[in-house]
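K.L.:
Okay, here's what each chain looks like letter by letter:
2 protein chains.
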Amino acid sequence: MDIIEDVLCFGGRQLRVKHTSESCHCDMVFSVFLPPQAEQGKVPVVWWLSGLTCNDQNFVTKAGAQRVAAELGVAIVAPDTSPRGDGVADDPDGAWDFGLGAGFYVNATQAPYDRHYRMYDYVQAELPALLAKRFPLDIERQSIMGHSMGGHGALTLALRHPDQYRSVSAFAPICVPSQVSWGQKAFGGYFGGDESLWLEHDAVALIEKSGFDKPILVDQGAADSFLQNQLKPELLEQACERAGVALTLNQREGYDHSYFFIASFIEEHFRYHGRFLSR
Amino acid sequence: MDIIEDVLCFGGRQLRVKHTSESCHCDMVFSVFLPPQAEQGKVPVVWWLSGLTCNDQNFVTKAGAQRVAAELGVAIVAPDTSPRGDGVADDPDGAWDFGLGAGFYVNATQAPYDRHYRMYDYVQAELPALLAKRFPLDIERQSIMGHSMGGHGALTLALRHPDQYRSVSAFAPICVPSQVSWGQKAFGGYFGGDESLWLEHDAVALIEKSGFDKPILVDQGAADSFLQNQLKPELLEQACERAGVALTLNQREGYDHSYFFIASFIEEHFRYHGRFLSR
Numbered sequence: 071m072d073i074i075e076d077v078l079c080f081g082g083r084q085l086r087v088k089h090t091s092e093s094c095h096c097d098m099v100f101s102v103f104l105p106p107q108a109e110q111g112k113v114p115v116v117w118w119l120s121g122l123t124c125n126d127q128n129f130v131t132k133a134g135a136q137r138v139a140a141e142l143g144v145a146i147v148a149p150d151t152s153p154r155g156d157g158v159a160d161d162p163d164g165a166w167d168f169g170l171g172a173g174f175y176v177n178a179t180q181a182p183y184d185r186h187y188r189m190y191d192y193v194q195a196e197l198p199a200l201l202a203k204r205f206p207l208d209i210e211r212q213s214i215m216g217h218s219m220g221g222h223g224a225l226t227l228a229l230r231h232p233d234q235y236r237s238v239s240a241f242a243p244i245c246v247p248s249q250v251s252w253g254q255k256a257f258g259g260y261f262g263g264d265e266s267l268w269l270e271h272d273a274v275a276l277i278e279k280s281g282f283d284k285p286i287l288v289d290q291g292a293a294d295s296f297l298q299n300q301l302k303p304e305l306l307e308q309a310c311e312r313a314g315v316a317l318t319l320n321q322r323e324g325y326d327h328s329y330f331f332i333a334s335f336i337e338e339h340f341r342y343h344g345r346f347l348s349r
Numbered sequence: 071m072d073i074i075e076d077v078l079c080f081g082g083r084q085l086r087v088k089h090t091s092e093s094c095h096c097d098m099v100f101s102v103f104l105p106p107q108a109e110q111g112k113v114p115v116v117w118w119l120s121g122l123t124c125n126d127q128n129f130v131t132k133a134g135a136q137r138v139a140a141e142l143g144v145a146i147v148a149p150d151t152s153p154r155g156d157g158v159a160d161d162p163d164g165a166w167d168f169g170l171g172a173g174f175y176v177n178a179t180q181a182p183y184d185r186h187y188r189m190y191d192y193v194q195a196e197l198p199a200l201l202a203k204r205f206p207l208d209i210e211r212q213s214i215m216g217h218s219m220g221g222h223g224a225l226t227l228a229l230r231h232p233d234q235y236r237s238v239s240a241f242a243p244i245c246v247p248s249q250v251s252w253g254q255k256a257f258g259g260y261f262g263g264d265e266s267l268w269l270e271h272d273a274v275a276l277i278e279k280s281g282f283d284k285p286i287l288v289d290q291g292a293a294d295s296f297l298q299n300q301l302k303p304e305l306l307e308q309a310c311e312r313a314g315v316a317l318t319l320n321q322r323e324g325y326d327h328s329y330f331f332i333a334s335f336i337e338e339h340f341r342y343h344g345r346f347l348s349r
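Chains A and S, in that order, are what the protein sequence lines are.
For the first sequence, the positions run 71 to 349 when the working numbering is used.
For the second sequence, the positions run 71 to 349 when the working numbering is used.
If we strip away everything but chain A, and leave its shape as in the complex, we get (with noise of 0.2 Å):
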């Protein structure tokens, strides 16, 4: 494990790490932030993951979350968002929404992609168990969040595992994969046909079967470009409804799908996620 930088931020430190990844079979990138307190015993960890194109710093430099992070005392970890390198499979086309920086947070099954595109198991498990070995964290104490492509992996990895992750929060995710062309492309490329891998990694699927008992945290842009064809917070607002999952969807008139959004209510998300992470 190389950390390749590592830069004061509101009195915390801004790190880069770089690692071989035993899910991925090849060497990744991921970011952490330690804030203040981490200097004086372990701290909770909150997970962000990007979205399509995406690598470990968009988040990193662009949200501005490190100011409230340092305040609450809480840890972020920003993993790339694909297996890179010169081995590892792309879109055959070089298409920006699917093979590199477009893992979807899955682990393929269909060659050639399943040998690298593993970041379900990557994010999941691999990389909080190397976390908690190296670094000041506390790693019973995490919560997850994401932004579009990122926000569908929030949703599905707190979906799946509700004892690993105390919150989970979105801005702008793409709530049913399954049922979106930037979803069927990737499903269909990493899963092939097999439906039912496809409903184990869509929120509104897993909501309607899944006896989710927490409460769930969406900001949507009311201007964002891909809410109606991509993103459909409406499927996720009903499934909500139906499996009586409490879902906060905040709806702000007039924001699109960039990082300026996601800065403007980035301090909110973490309040709400220092709550569930304090205790």
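Since copy identity is lost for identical chains, a pair holds within one copy or between any two.
Once the Cα atoms are required to be at most 20 Å apart in a straight line, the calculated EDC-like pairs of lysine to aspartate or glutamate come out as:
#1 Lys132 / Glu337
#2 Lys279 / Glu304
#3 Lys132 / Glu75
Keep in mind the hints are simulated off the structure, nothing from the lab.
Starting from the known structure of chain A, arrange chain S on it as the hints suggest.
P.N.:
Using the frame of chain A, we list chain S on its own:
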């Protein structure tokens, strides 16, 4: 004048604007943040001048300043750092510290730079006039700040136009460009050997002769790798002491030259300017 981006951020509007500059004889792009208060009437302006290699976007996407600007009701204008475009001469070797991205906020007198490299006139005169005409800005209330090369720009503009800028601050400014290699390369290229021109754009030299009677706020990271060879805040400190200028020089232990440093202390700088701009 074309608005090429218009995004909601902390209740205000983050704009990117393209226009043809009369000073620089080329198309230029600048960013302006209008706080929510600009919907009700004119708001004061804080100028942000960026450092070497930057354009109008670095500060806008990385510093997180819109939050406090929205609270205080001040606009932020972030110009580019040099003229750009096909006809604009660059460093002959394509170096990052001269030419494109390195205009040093001066009016060049030497060919081939003298036609386009007129960032001084552009920032001090052309842009304020344009902004006053097109946006709800109270151009009688301006403050100025910047980082590194832009810290040099902010200091020298404020020292030469004390009636224009109510307050001035800088992060890790190049305090004595005529005595360090970045500044010597830039001034040699833009001005040639005429040392009197060099000293008109050297903050320490200006302080010693100017009779400037406002306070100056500077934050400097103590772990900044450019501190000793390029920035030299100790010479600014000595000059201010000799001239009776009230300098607040915050040495920030462990901080480097990056936007993580700027983001950590930007709120303090905005609150500082806000006090001068509210009256």
